[in-house]
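A.B. asks: So the sequences go chain by chain: S and V. All residue numbers for the first sequence refer to my numbering, where the first residue is 165 and numbers rise by one. All residue numbers for the second sequence refer to my numbering, where the first residue is 2 and numbers rise by one.
Among the hints, erroneous ones may be present.
No farther apart than 25 Å at their CA atoms in a straight line, the calculated lysine to any residue pairs in the SDA-like style are these [unchecked claim]:
#1 S:Lys-274 to S:Ala-250
#2 V:Lys-58 to V:Asn-19
#3 V:Lys-58 to S:Asn-258
#4 S:Lys-165 to V:Trp-97
FYI, nobody ran anything at the bench for these hints, they're computed from the structure.
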Amino acid sequence: KQEVTQIPAALSVPEGENLVLNCSFTDSAIYNLQWFRQDPGKGLTSLLLIQSSQREQTSGRLNASLDKSSGRSTLYIAASQPGDSATYLCAVNNNFNKFYFGSGTKLNVKP
Amino acid sequence: DGGITQSPKYLFRKEGQNVTLSCEQNLNHDAMYWYRQDPGQGLRLIYYSQIVNDFQKGDIAEGYSVSREKKESFPLTVTSAQKNPTAFYLCASSTWTQSSYNEQFFGPGTRLTVL
Chain S
165 KQEVTQIPAA LSVPEGENLV LNCSFTDSAI YNLQWFRQDP GKGLTSLLLI
215 QSSQREQTSG RLNASLDKSS GRSTLYIAAS QPGDSATYLC AVNNNFNKFY
265 FGSGTKLNVK P
Chain V
2 DGGITQSPKY LFRKEGQNVT LSCEQNLNHD AMYWYRQDPG QGLRLIYYSQ
52 IVNDFQKGDI AEGYSVSREK KESFPLTVTS AQKNPTAFYL CASSTWTQSS
102 YNEQFFGPGT RLTVL
């Protein structure tokens with residue numbers, strides 16, 4: 165069964181820092197990997213989708229990379245802002261169309 | 002405006018009661034999912050449905066039931082057999098093709114509390 169791990173579990177940084185969130189998965193037979201943002205008490209908002217044939221995707225200050233062979237993805241956030249404070253989750257979509265989620269990284273960006 | 006709606010936002014259940022959580026989508030997606038989220042944990046799959054009138058158990062289906070009579074709707078019933086139902090419940094949908102374009106979209110969630 166696919167196992168997805170996110171490190172660190174929590175991260176606190178001062179405003180303006182660049183930061184990296186990590187996601188690792190055990191089974192490389194995936195169709196894609198998705199990064200989500202979750203605010204307290206809310207649903208998940210999709211940030212980026214990386215297809216298995218892609219190496220990275222960018223949206224504004226966010227850049228996600230995928231190394232399928234090593235089972236890793238990173239989410240890079242440039243010039244962090246207090247509004248980026250949230251929990252970030254990654255999910256992998258395997259070849260049976262099921263999605264497996266990590267436990268998330270809780271990010272706090274201090275003004 | 003396409004999306005997924007869940008109702009109610011908050012739900013309180015007494016011991017021994019069954020309660021039903023609503024999920025509706027207008028994204029024309031074939032697949033729908035129910036997840037449970039506990040504090041500090043990732044999402045765990047309860048049930049999923051690939052097509053109308055068909056659904057499959059996920060990793061933690063005991064004490065839950067679902068139906069899929071319409072493409073747009075996938076209600077979840079939390080039965081009295083579920084021992085610890087207090088949690089945040091999330092509904093999601095996606096296309097159902099074996100494709101790298103499959104992207105999952107989520108509703109706003111329902112917080113269920115047992116009194």
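A.B. asks: Take the hints in turn and mark each one as holding or not.
C.D. replies: Structure-based check of all given hints:
For a cut-off of 25 Å, the pair hint linking Lys-274 (chain S) to Ala-250 (chain S) stands: about 12 Å separates their Cα positions. The straight-line distance between the Cα atoms of Lys-58 (chain V) and Asn-19 (chain V) is roughly 19 Å, inside the 25 Å bound, and the hint therefore holds. Proximity of Lys-58 (chain V) to Asn-258 (chain S) is assessed by CA-CA distance (about 17 Å); at most 25 Å being required, the pair is judged to hold. Under the criterion of a C-alpha separation no larger than 25 Å, the hint pairing Lys-165 (chain S) with Trp-97 (chain V) is consistent with the structure, at around 20 Å.
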